[in-house]
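**Student:** Line by line, the protein sequences are chains B and R.
Under numbering that gives the first Met the number 0, the residue at position 329 of the first sequence is numbered 328, and the numbers go up by one with no gaps.
Under numbering that gives the first Met the number 0, the residue at position 193 of the second sequence is numbered 192, and the numbers go up by one with no gaps.
Derived from the structure by calculation, the hints contain no laboratory data.
No false leads were slipped in.
Have a look at the derived ranges for each label pair, beta carbon to beta carbon: (1) R:T173 with B:K238: 52 to 58 angstroms; (2) B:L28 with R:P50: 41 to 47 angstroms; (3) B:R329 with R:N189: 27 to 33 angstroms; (4) B:L71 with R:V108: 21 to 27 angstroms; (5) B:N189 with R:P93: 55 to 61 angstroms; (6) B:N189 with R:G157: 49 to 55 angstroms; (7) R:R180 with B:D230: 43 to 49 angstroms.
Interface residues of chain B toward chain R, partial, derived using beta-carbon atoms under 8 angstroms: (8) V18; (9) E268; (10) I301.
For glycine and all other residues, C-beta sits at the position ideal for the given N, C-alpha and C.
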Amino acid sequence: MTAFLIRRLLAMVPVLALVLVIVFSLVRLIPGDPAVTLLGPGATQQQISALRLQLDLDKSLPLQFVSYLGGLAQGDLGQSLKSGLPVARELLSRLPATLELAFVALIGAILVGIPLGVVSATRPNSALDHALRVGSLVGVSVPAFLLALILQLVFSVWLGWLPVSGRASPFATGAGATGFALLDSLLAGNPRAFLDGLAHVILPATVLAAFLAATLGRFVRNALMETLGEDFIRTARAKGLTRAEVVYGHGLRNALLPAITVVGLKFAEMLGGAVLTETIFAWPGIGRYMFEAIRNRDYPVIQGTTLLFALIFVASSIVVDILHALLDPRIRRKVAS
Amino acid sequence: MKDAVAFLRANPLALAGLVLLLALAIGSALVPWLSPYTPTRLDILHKLAPPGPTHWLGTDAFGRDVATRVLYGGQVTLAIGLGVVALAFLVGVPLGTLAGYAGGWVDAVIMRVVDAMLSFPGLVLATALAAAFGPSLQNAMLAVAITLAPQFARVARGQAVAIASRPYVEAAVTLGLTRGRILTRYVLANGVGPLLVQSTLSLGSAILQTASLGFLGLGAQPPAPEWGADVSLNLDYVRSAPWVALAPGGAILLAVLAINLVGDGLADWLDPRRRAERD
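Whenever a hint applies, use it, and build me the whole structure from the sequences.
**Tutor:** Set out below in structure tokens:
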């Protein structure tokens, strides 16, 4: 297992290096002089030189990259052009909100996606199967901002069941020790704050989860149908196992392994949707921070959030591989040899 | 042609998608003759009118006919989708084919760059690139094409690796054909099926992502009738006049759904295992 881990992490090194090059290049892609473009028309020569200095634009490209790496090594992602605050600290303070939203969405997607896939796979070509297939295609085709609008209209404006936006009601106690509002309210023994947080997270989490649940449902359906056609399933049936024992004990167990990969990779992809979802629901996470930075042309912040999203993506792909290796000894042996 | 009929007969959902897509394309193409309105003509006296016989989908805050804007937006959107996919294809496929056929360090370098680009959530990379290039429809399309190209490279590479070891390619090498000729005549030509599926599926993502950039203010600029931008510009009126934002948003859903229905059926149809069962 250790050999597997080391190999897996080493393979990430060139990819991570290139990710850094891409993120570093972003500011340099701004047409013309980035300092002039970012400050806009009315800027004085003094302001422009100051910004050039702050963004390291006065040095040669290789030197700029070295100083970028040097800053990164010390956890320095530069300062926001808008607020002047360190980007790394701003990101860290917003990360729990995004992760909380993403985890709730992940759990929801798994709870909805896998059962739908199983139902579809065990009744292939039935009316229900067709309905679920079309439904899952709608799930991957709907723009996040449209789904968000519809949910807000129906559940907040018309029915009045759930709050339109935000992470907590004005007078509810906000995040505490961990920064995860739901967890904090439970730790503090405050069920009211917990329910308030839950009411706020449902709609944005549903929007984020829709894509993942649909993808997962489609995947589980195909994987399970394939598994149910295998020889060992026939053997299990011949042994006289019940239908449920065959489907869940043998079929689903084998079909879920590839599903883990899909969940892991799509989870990170889903996080990208946080930029839209958090913006619409005024959710105070890194997605909305990125949106505000775009509005203000706050490039150090855009770079920082882009890097953070990529790191989460890479980390989740490593976690997926480790889970895979833990669950399937064949993979472990193949990579280690 | 016979194949296409057989495909549509066996896939009623793909047929439905194709019909929907054609209806949208024809409606968008004929809108100058179908509608008495133009997409940008202001009519403040009739602003935010609800859907009715004179304005089928109502009017927006400037009194512009929403149905007309949605159909003109269809022209923009279909052009965006095709343009982005063509660009991603033209960048990704040659690089992927080269990587798969050449192998060695060429393969290693190209594929590590592909891996690195695929390490960003698609929308995040497209957003960051579009923000750097500056807000405009062309820049948004370029940004989305750059994020989609690595997927084409991956598919093309897989095809090239599989095809390069086939006997007819070895025969071509023995016959002394040039590398370029082998690449285009044999490797690329035989890898078309999966690339077709990839193109169809990418068409949906291209439209969704460009619309999302439009929604974030990084795509088409007003008063261009682009669907994503139209949703975000009308957010303020959602409570009193939901149709102004829901109509363009619904149009995105219908267009992408239609494309995905076709792509899904195509992926199924071209799947080698299903093919073997059928023949």
